[in-house]
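Student: Listed below, chain by chain, are the residues.
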Amino acid sequence: MPQVQKKILLVDDDRFVLLLFNRALIEEGFQCLTAHSVEQALEILNEELPDIILSDYQMPDMDGFEFRSRILEDKRLKNIPFVFLTAYTDRNMIQRGLDMQAVDYIDKETPVPLVVSKLNNILQAIRKEHEKSIHEIRVAAEALNLSSVPSESPKIAGFGINFLYKSFEDYPGGDFIDFIRFDDQYTFVVLGDVMGKKWGAWFFSFNFLSYIRSAIRLCVFDGDLSTASILQKINRVIFMDPVLGDVLSTLSLLMIEHKSGKVHYSGAGDLPLIVYTASDKSCRRMESSGLLLGVMVDGLYNEDVITLSKGDQLVLISDGMIDFEHGGEKKSDYDLFFNLVKPKLGKSNSFELVKNVTFSAEKSKELIDDCSLIFIQKN
Amino acid sequence: MIETAKHNNYTVATLLIKEANLDVAEQFKTDMLQLIDKGNSHIVVSFENVVYVDSSFLGALVSVLKYAMSKSGDIAVAQLNKDISNLFSLIRMNKVFKVYNTLPDVFA
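Top to bottom, those sequences are chains A and B.
Quick note: the first sequence, position 227, residue 227 per my numbering, numbers continuous.
Quick note: the second sequence, position 52, residue 52 per my numbering, numbers continuous.
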């Protein structure tokens, strides 16, 4: 049985064959989509992306070869493994199918359990190849010492700072975190999310992080200690960058004043900060007004200053935290996340409690993007 | 993946997908840039069939907007479901795009 339920699209004009394979594959743990014509299959593919396609050669109207051609023309579909299912054992037919980058063909006479094993083997071979490639890139990234998340949280007297990061299906993603400290006076907290998933986003996260790190340092050296002004400078540079101008990123930027306990906050298209105030045990969301980095020349950034007292807590998150999937339906729901975390704040072990409701093994299974959370507490 | 129609002074591009995500983002961008290059400077993207939008797709949408603006055009969005509309407000995409509940009579 496949480890994760694999989605297969079966295409055959013979309803009996469809029924037979449908039943056998469901029993083996596959999720089956069935189509009795190429037209119907293409309609399904408009909405669904299967892990593998099993299609007959000979069908009325459009045949299997034409179906394969249509798929190869579509960037979104062309990499889905395609297997021909046929009653023909004509060598020319088989050759023609394999020439069209079909990964294999299966004779309809093959007993169903054998077909299932063959499909499982194909999927497993693809997965292994995929894992190997990921491993190689990861090794290269480690060798280059590239990391978009720090190895540990900073230690600031009077504050407790922790963070959580979980990649999506073990791919690095677009989230980046950094803590930049200036002597015993200030620490900047950076949480961003390059829009996109997996490698593409991960690759760009370094460029963003480099700009952000240097902008913060240059501004502090120049005496500019306004998070809104720093954010605007970062935004302008990114807007003008010919490559990054097309890539977008959110950013939450905090500057903690160690001695006064003041926290300056500005955000670029980020999700609201959760602020817990110990004195009245209240929990609220604090929204920033700025646009995503690189969208417009003027990012309209504002700056809020929160003075933290003993027991006050802050939670910053990336957008992966508010994506939920239930019964195959995905949705982004900030309120759901807020209500999940709210009862856990104001406790001595809040960070652990928040971790349990957001990053537990059970919750991680529901992830559909990479996720980050930063927790700050005034001691 | 998009169906286009002329509507008064603008073009409607209706997304024919349920999930607007990474898998379709690149295709969407290509289709939209072609549409703009053909002289459709003002386009309203209809999300009436869409139930979920991910950040990759939003990235593509903004990149299309930037391209349209460089050609003196504009992109708006319409018919967002409640979740998507909330997401737009949350990350201030509603300040970047004009958001219409229904297709507007005139988009300028």
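These are calculated hints, taken from the structure and not from any lab test.
Here the structure is a predicted model, which means the values were calculated and not measured.
Hints are supplied without guarantee of correctness; some may be wrong.
Stated by the list, open to error - Keeping only pairs whose Cα atoms sit at most 30 Å apart, straight-line, the calculated DSS-like set for lysine-lysine is:
#1 K259(A) - K378(A)
#2 K29(B) - K330(A)
#3 K166(A) - K155(A)
#4 K78(A) - K95(B)
#5 K331(A) - K38(B)
Student: Now look at each hint and say whether the structure bears it out.
Tutor: Evaluated hints:
1. Distance check on the hinted pair: K259(A) and K378(A) sit about 11 Å apart at the alpha-carbon level, within 30 Å; holds.
2. Distance check on the hinted pair: K29(B) and K330(A) sit about 22 Å apart at the alpha-carbon level, within 30 Å; holds.
3. The suggested pairing of K166(A) with K155(A) holds, with an alpha-carbon distance near 22 Å, which does not exceed 30 Å.
4. The suggested pairing of K78(A) with K95(B) is violated, with an alpha-carbon distance near 37 Å, which exceeds 30 Å.
5. For the hint pairing K331(A) with K38(B), the CA-to-CA distance comes to about 34 Å; that exceeds 30 Å, so the pair is violated.
In this structure, the earlier hints numbered 4 and 5 are contradicted, and the remaining ones agree with it.
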